[in-house]
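Undergrad: Protein chains in written order, with my numbering: chain A, 321 to 402; chain B, 535 to 858.
These are calculated hints, taken from the structure and not from any lab test. By construction, the Cβ of each residue, glycine as well, lies at the ideal position given by its N, Cα and C atoms. Any given hint could turn out to be false.
[To be verified] Distance condition first, Cα-Cα at most 27 Å in a straight line; then the derived DSSO-like pairs of lysine-lysine: (1) B:Lys787 <-> B:Lys763; (2) A:Lys395 <-> B:Lys711; (3) B:Lys763 <-> B:Lys753; (4) B:Lys711 <-> A:Lys392; (5) B:Lys570 <-> B:Lys608; (6) B:Lys838 <-> B:Lys711; (7) B:Lys827 <-> A:Lys392; (8) B:Lys746 <-> B:Lys841; (9) A:Lys395 <-> B:Lys838; (10) B:Lys802 <-> B:Lys763; (11) B:Lys570 <-> B:Lys657; (12) B:Lys763 <-> A:Lys392; (13) B:Lys608 <-> B:Lys624; (14) B:Lys711 <-> A:Lys396; (15) B:Lys624 <-> B:Lys753; (16) B:Lys853 <-> B:Lys802; (17) B:Lys711 <-> B:Lys827; (18) B:Lys608 <-> B:Lys657; (19) B:Lys802 <-> B:Lys787; (20) B:Lys841 <-> A:Lys392; (21) B:Lys841 <-> B:Lys853.
[What the hints assert, rightly or not] In silico contact screen, one side only, chain A against chain B (beta carbon under 7 Å); selected entries: (22) Ile331; (23) Met334; (24) Ala338; (25) Val339; (26) Asn350; (27) Ala353; (28) Asn354; (29) Glu356; (30) Asn357; (31) Gly366; (32) Lys369; (33) Tyr393; (34) Lys395.
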Amino acid sequence: MQEENKKLSFIERMKQRAVSQQSYGGQAENSGANTENATCPNCGAGRAKQDGLTHCAYCGHPFITTTLTDGKYIKKSDNSNT
Amino acid sequence: MGLFNWGQSQEDKQEYEALKSELATLENRLDAFLAKLNERVDALLSGFIEEAPSVMAEDDRFGQAYYRFSSAMKGQAGSMREKLREVLEKQIEPVYSRYSDTLSAGSEGYSILHEWRHRCARKADEWEEQLQHRVDEATEQVERKDYEPVFAQMMNDYWQQCQLINCRQCGANLNIKQVYYYSAYVACSHCQTQNIFEPGTIARDIEHTARKLAEQRSKHFMDAHERRKREERSLYQQMHELQLTLSMEERVKRSGPKYEQLLSLESKRLQAESEAPELLDRYYRNIFDELTKLLPDLEEHHEKFFKSLQANYQRYESKRSTNL
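With the rest of the complex left out, here is chain B:
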């Protein structure tokens, strides 16, 4: 058997059949393994969605037990991913490297082997992507919460607690009129004693909850931004496919019906590309406007925070070069 006439003899044909059947068996085993993993993911995520509300109901205000529960779920998902990677590394890749050394490049066996390897890797990648998507979706479903009543309740509790705060020296009411996010000196208006006011755990959480509420109120901008980005990507892909069908004449002359269509797609794409960052900007601007409405005394701090965030995301803004 020579290197350049592999596949001609009877022996080679038998080897070729053996290769095909070995690859098919391995691929079937991979499919069966992925199906088993999917069953396990179904059980894990449905159990997580079912049990999480009861964990949350008995949890402390910082949600530590839920955090451990969701970490355990993510850990289980991670170990499934590792098992799949191990199968690829120990059962798929060694077969590929064993045959790729003996088959001559360009032969049918070689291309079957390559396609088989790509197919297996793609199946694993798609499964992983799907797993990540499902884990994110389940987490979002479980953690979804309306922050409007939560925030209103927190503010109400805080003001009620403040009404009962008296001076340690003379017992007069301290008359607290602002939200303190951490311990502060409050002087008694009657005896001038410096009281150390400790606002309590609720007040320390107010800023954090206000941020979540502001994000909730601004979510429609983020959704619009993501939609616009997806549109831009899809238009770019359409343009790419159309470009591949252009004839040489159309390319050189830069005219013709397909070229016109390409230009119209490009103008839509450019519009989507310029609108996406504007929507992101409006999302963040709206978050901080809402935050200032909720906690007006922190306006200066919100502005500084917005500017630093804006500088950060604008730094990574980039535009495609289509060169039409």
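Isolated chain A, as found in the complex:
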């Protein structure tokens, strides 16, 4: 390895190290646009916006017992407990 390095110019060694060095936290990953959803642990249905934020809109299984307040994406009006 050292003999190999001797043949390379210092710029080439710099380049080799820059390219081969592992990034902290691993390689950067590219991800495309996609969706996920939270499902009801009881029946597996997706969580619905209007009537399913606090309990399942399909089987009635309660998710949370807190009363919702206005946020950026979830509004007080989405509260399905009331």
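Based on these hints, arrange chain B on the given structure of chain A.
TA: Only chain B this time, still in chain A's reference frame:
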């Protein structure tokens, strides 16, 4: 040898010649060292400019390998600067302090020593300045990129990806019509299921790239601002030189051809001084106008950002007091 008649005896003359030759030898060695450093800088920067495109071509989208490569180049430049500082500290300064204690102030030897020290320090400073300038220039040359096609390609990719996004519950298209810069809830219009939309790495980069594109589109204002600032500085220097040539009469009476010339330079300088910050303001205003054109949904955020930036640079604005 007394303190006040140094340089009179034969012995002193010999010492004086020895001092001159020692200083000249050291200065020649410094010149040779700077020439060697310059060769090394040439090799470093030409290699950097040559190799950087191939590093960039194989790099990930965040440019991590290029970042390491450019940091290595800057590190090499930094270590050359440190070597030069070490030479000044270990070879120039000790000679200066050794002689400055023995030579009487005001003697020819003393002034030669002082001039020699200043010359060496100036050579080192100029070399450092030149190095910084060359490193900046090489980095700019390598990183120069047209962001118009990059941004257009990103937006195109994003909208194409969005067309394929379906509801996880019923499979209907989510019909995404806006740019999401981070994960957000998107409700399906058919079954009302709350989908967690993850816009992907491209969308997370859109805002960042838009900023670079807006800066690229506004660059002419920044260039004009810098030009105006340089003009102002040069006019100020011209005025200073002219002021030094004024006679006492012209100074007291505040009249005469040179004084008139001084006043005309001052009015040009004042104009440049008031136009420079206006151009900087137009540069930032234009950046945020362009950003709003590129990403209209972030208009409110852009305005807030502009106001905070403006408050920041206006705080450090200052004007010269010429007192004519």
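Undergrad: A separate judgement is required for each hint: does it hold in the structure or not?
TA: Quick rundown of the hints versus the structure:
Restraint check: the Cα-Cα separation between Lys787 (chain B) and Lys763 (chain B) comes to about 31 Å, which exceeds 27 Å; the hinted pair is violated. Restraint check: the Cα-Cα separation between Lys395 (chain A) and Lys711 (chain B) comes to about 21 Å, which is no more than 27 Å; the hinted pair holds. Annotation: proposed proximity of Lys763 (chain B) to Lys753 (chain B) holds, straight-line Cα distance about 15 Å (limit 27 Å). At roughly 18 Å between alpha-carbon atoms, Lys711 (chain B) and Lys392 (chain A) fall within 27 Å of each other, so this suggested pair holds.
For the hint linking Lys570 (chain B) to Lys608 (chain B), the alpha-carbon distance of about 18 Å falls within 27 Å, and the restraint holds. The hinted pair formed by Lys838 (chain B) and Lys711 (chain B) meets the criterion: a straight-line CA distance of about 25 Å does not exceed 27 Å. With a CA separation close to 24 Å, the supplied pair Lys827 (chain B) and Lys392 (chain A) stays within the 27 Å bound. Only pairs whose Cα atoms come within 27 Å are accepted, and Lys746 (chain B) paired with Lys841 (chain B) is accepted, the gap being roughly 19 Å.
For the hint linking Lys395 (chain A) to Lys838 (chain B), the alpha-carbon distance of about 25 Å falls within 27 Å, and the restraint holds. At roughly 12 Å between alpha-carbon atoms, Lys802 (chain B) and Lys763 (chain B) fall within 27 Å of each other, so this suggested pair holds. Using a Cα cut-off of 27 Å, the hinted pair Lys570 (chain B) and Lys657 (chain B) holds, with the two alpha carbons roughly 14 Å apart. As the CA atoms of Lys763 (chain B) and Lys392 (chain A) are separated by approximately 45 Å, the hinted pair breaks the 27 Å bound.
Between Lys608 (chain B) and Lys624 (chain B) the alpha-carbon distance is near 24 Å, which keeps this suggested pair within the 27 Å criterion. With a C-alpha separation of about 24 Å, the suggested pairing of Lys711 (chain B) with Lys396 (chain A) holds against the 27 Å cut-off. A C-alpha spacing of about 45 Å is found between Lys624 (chain B) and Lys753 (chain B), which places the hinted pair above 27 Å, so the restraint is violated. Between the alpha carbons of Lys853 (chain B) and Lys802 (chain B) the distance comes to roughly 14 Å, so the proposed pair stays at or under 27 Å and holds.
The straight-line distance between the Cα atoms of Lys711 (chain B) and Lys827 (chain B) is roughly 17 Å, inside the 27 Å bound, and the hint therefore holds. The suggested pairing of Lys608 (chain B) with Lys657 (chain B) holds, with an alpha-carbon distance near 21 Å, which does not exceed 27 Å. About 22 Å separates the Cα atoms of Lys802 (chain B) and Lys787 (chain B), which keeps this hinted pair within 27 Å; it holds. Of the supplied pair hints, the one linking Lys841 (chain B) and Lys392 (chain A) holds, its CA atoms being roughly 24 Å apart against a limit of 27 Å.
Proximity of Lys841 (chain B) to Lys853 (chain B) is assessed by CA-CA distance (about 22 Å); at most 27 Å being required, the pair is judged to hold. The criterion of a C-beta within 7 Å of any C-beta in chain B is met by Ile331 (chain A), whose closest approach is roughly 3 Å, and the hint holds. For the restraint placing Met334 (chain A) at the interface with chain B, the shortest Cβ-Cβ distance is roughly 5 Å, inside the 7 Å limit, so the hint holds. A hinted interface residue such as Ala338 (chain A) counts as satisfied when its beta carbon comes closer than 7 Å to some beta carbon of chain B; here the least separation is about 4 Å, so the hint holds.
Hint on Val339 (chain A) holds. Least Cβ distance to chain B is approximately 5 Å, under the 7 Å limit. Given hint, Asn350 (chain A) at the interface with chain B, holds; its Cβ is 5 Å from that chain's nearest Cβ, closer than 7 Å. Among the interface hints, the one on Ala353 (chain A) holds; its C-beta lies about 4 Å from the nearest C-beta in chain B, closer than the 7 Å criterion. For Asn354 (chain A), the interface hint holds, the least distance from its beta-carbon to any beta-carbon of chain B being 5 Å, beneath 7 Å.
The interface hint given for Glu356 (chain A) is met, as the beta carbon of that residue sits about 5 Å from the closest beta carbon of chain B, less than 7 Å. Interface hint status for Asn357 (chain A): upheld, as the beta-carbon distance to the closest one in chain B is roughly 4 Å, under 7 Å. Because the beta carbon of Gly366 (chain A) sits about 4 Å from the nearest beta carbon in chain B, less than 7 Å, this interface hint is met. Nearest Cβ of chain B to the Cβ of Lys369 (chain A): about 4 Å, under the 7 Å cut. The hint holds.
The interface hint given for Tyr393 (chain A) holds, since its Cβ lies 5 Å from the closest Cβ of chain B, which is under the 7 Å cut-off. The restraint placing Lys395 (chain A) at the interface with chain B is violated, with a minimum CB-CB distance near 11 Å, outside the 7 Å limit.
Of the numbered hints stated above, those contradicted by the structure are hints 1, 12, 15 and 34, listed in ascending order.
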